[in-house]
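Undergrad: Build out the structure end to end from the sequences listed, making use of the hints.
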Amino acid sequence: MGGMRSRFFPPVFKGRLHDARTATSIGRLLGVAFVVCFVTGLISHVMQHPPAWAADGLPSRPVWGYRLTQGLHVASGIAAIPLLLAKLWAVYPRLFVWPPVRSVRHALERLSVAVLVAAAVFEVATGLLNTTQWYPWPFSFVPVHYAVAWLVAGSLVLHIAVKAPEIRAHWSRRSPGTLALPEEDGPDRRSLLAAVVAAAGAVTVTTVGQSLTPLKDLTLLAPRHPDHGPQGLPVNRTAAAAGVGRISAEHYRLTVAGPRPFTLTLDELRGLPQHEAELPIACVEGWSKSAHWTGVRVMDLLALAGAPPHARVRVVSLQTRGGYGVSEMGHEYARDPLTLLALHLNGRELAPDHGYPARLIAPNRPGVLQTKWVGRLEVLS
Amino acid sequence: MRVGVMRLLTAVAGLALMGVGVSLLLDVRDLSGALVWLGGAVVLHDALIAPLVLLIGWVLVRGGVRGPVRRALLVAGALTAVALPVMLRPGKPANSSVLPLDYPRNWLLTLLAVAVVTALLPAARATRRSRRRPPK
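Taken in sequence, the protein lines are chains A and B.
For the record, in the first sequence the residue sitting at position 24 is 24 according to this note's numbering, with numbers rising by one throughout.
For the record, in the second sequence the residue sitting at position 53 is 434 according to this note's numbering, with numbers rising by one throughout.
Warning: the hint list may mix true and false statements.
[As the list claims (entries may be wrong)] To give an idea of the chain B side of the interface with chain A (calculated C-beta under 10 Å), a few residues: (1) M399; (2) V401; (3) A459; (4) A475; (5) P481.
[Said to hold, decoys possible] What the simulated footprint calls covered on chain A by chain B, stretch by stretch (three residues with Cβ under 8 Å from a Cβ of chain B suffice, anywhere in the stretch; the number is not a length): (6) 18-29; (7) 74-82; (8) 88-102; (9) 122-129; (10) 140-148; (11) 236-247.
[Claimed, not checked] In silico SDA-like cross-links for lysine to any residue, where the CA-CA straight-line distance does not exceed 25 Å: (12) A:K14 x B:A453; (13) A:K216 x A:T69; (14) A:K14 x A:I167; (15) B:K473 x A:Y324.
By construction, these hints were calculated from the structure, which means they are not laboratory data.
Quick reminder that beta carbons are idealized off the backbone N, C-alpha and C, glycines included.
TA: Printed below as a string of structure tokens:
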């Protein structure tokens, strides 16, 4: 094995700060970002693809719940990009340790680090590309991004267990391991850490306005801007893309299927008591914006149909193309007085791209489940 | 060396979470594609991004530059990394509210802001220091 050594390999790193204190300091920040990203990602996964045990128990409050968690998911993922690169820079020389494998334990440790690096880079890269709706890979994004998230979480926990003594020895400025490092590196290290934090802050400030609307004027690099879209609200699927075009008011019918089924024309729907709600559209891709909606309470329609109080509801769109044409909601959503079959957005009739003539809008619900162009409500027992 | 119980339990918990990830991955339809991308992520970083960053760092140290210039390059590099997908995404966006901004212009604006802040920070610090000095 020694024969492979040469003047150039393994490389010698003369740069300072490739030390455990730098790795620990950056690692702590990255760890926080990853924990936030993982937990909010799990929340989003359960909300969008509820497993059977959770389908009827999801809460419709707080109103801003999904907006907050999914905004945090994308923001923490973006902030993790400079943190991850800096962390990998700090530990890069360890890639070339010689001999490459000392023992079975050492081999397993290196393997777990390889999994962590691969999974972490994969997650932030695919997540960032997904926010721009760019899918250059052959696999389906959601299941793979979800599976690899568990790999990141697991290999990170394992990594912390393996490195626990080193982390403890370098936790603070006065920890024994830190004090054993060259004292003159201290100011340089603090300057580097300040720069890494500044980088994380810069990418956050220039993107987070896509969901944190008070900062929308600083939104320079986000794939969405709260002011761009029909009626000042971004959309994901247009009426044309959904294959519905302009639905004519005369031909529109809403069918409510339940114990006492009925059908309403658009005028009859407009004649029912109208209610107002201030609710956000919050997309899985990280953008969100609050809007003022007016329409008929879903609970009123359910009462007319004679639905039992704990009924679940299926909402069926008139769309002919694309996924998510059907969504379901548990009784907490169906009975929430803020859950509307909305006819108006910010005081005007819905634009075709926002689901004219009627769309679902419910609190604390992923945007993709806020079904547009609703033609049918089904009471599920 | 005696490995603590907490440490051992943490390691086992980590392995269990990884097991969840592996079992979920095995259900994925195009598994080989996902594995290529996972491996590609490591190769891209270890063989390209990291050496490039180290090279830039080496040139900087040779030039005797640290501190503010390093900070400026780090921030500019992070902004560039985040700007690349919105600038380079091929094809027409799904609708006019997707990627609605002039991203190359915005990216240059952020770099300009970094340069301006970097240039002004020492001056601002000097002003503060001179203010703090007692009057003659």
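Undergrad: Are the hints correct? Go through all of them and say.
TA: Here is what the structure says about each hint:
A distance limit of 10 Å between C-beta atoms decides the matter here; for M399 (chain B) the minimum to chain A is near 3 Å, and the interface restraint holds. A cut of 10 Å between beta carbons decides the hint on V401 (chain B): the least distance to chain A is about 4 Å, and the hint holds. Using the Cβ-Cβ criterion of 10 Å, the hint placing A459 (chain B) at the interface with chain A is satisfied: the shortest such distance is roughly 4 Å. At about 6 Å, the closest approach between the beta carbon of A475 (chain B) and any beta carbon in chain A falls short of 10 Å, and the interface hint on this residue holds.
Against a cut-off of 10 Å between C-beta atoms, the interface hint on P481 (chain B) holds, since the closest Cβ of chain A lies about 4 Å away. Evaluation of the coverage hint for the region 18-29 of chain A: breached, as 0 residues show C-beta separations to chain B shorter than 8 Å, against a requirement of three. Here the region 74-82 of chain A counts 3 residues with a CB under 8 Å from a CB of chain B, which clears the bar of 3, and the coverage holds. Only residues whose C-beta sits within less than 8 Å of a C-beta in chain B count toward coverage, and the region 88-102 of chain A has 4 of them, enough to reach three; the restraint holds.
With 5 residues bearing a CB less than 8 Å from a CB of chain B, the region 122-129 of chain A meets the requirement of three and the coverage assertion stands. Restraint check on the region 140-148 of chain A versus chain B: 6 residues with Cβ-Cβ distances below 8 Å, three needed, restraint holds. Here's how the region 236-247 of chain A fares: 4 of its residues keep a CB closer than 8 Å to some CB of chain B, so the rule of at least three is met and the hint holds. About 22 Å separates the Cα atoms of K14 (chain A) and A453 (chain B), which keeps this hinted pair within 25 Å; it holds.
Among the hinted pairs, K216 (chain A) with T69 (chain A) is consistent with the structure: their alpha-carbon atoms are about 18 Å apart, no more than 25 Å. The hinted pair formed by K14 (chain A) and I167 (chain A) meets the criterion: a straight-line CA distance of about 23 Å does not exceed 25 Å. Only pairs whose Cα atoms come within 25 Å are accepted, and K473 (chain B) paired with Y324 (chain A) is accepted, the gap being roughly 22 Å.
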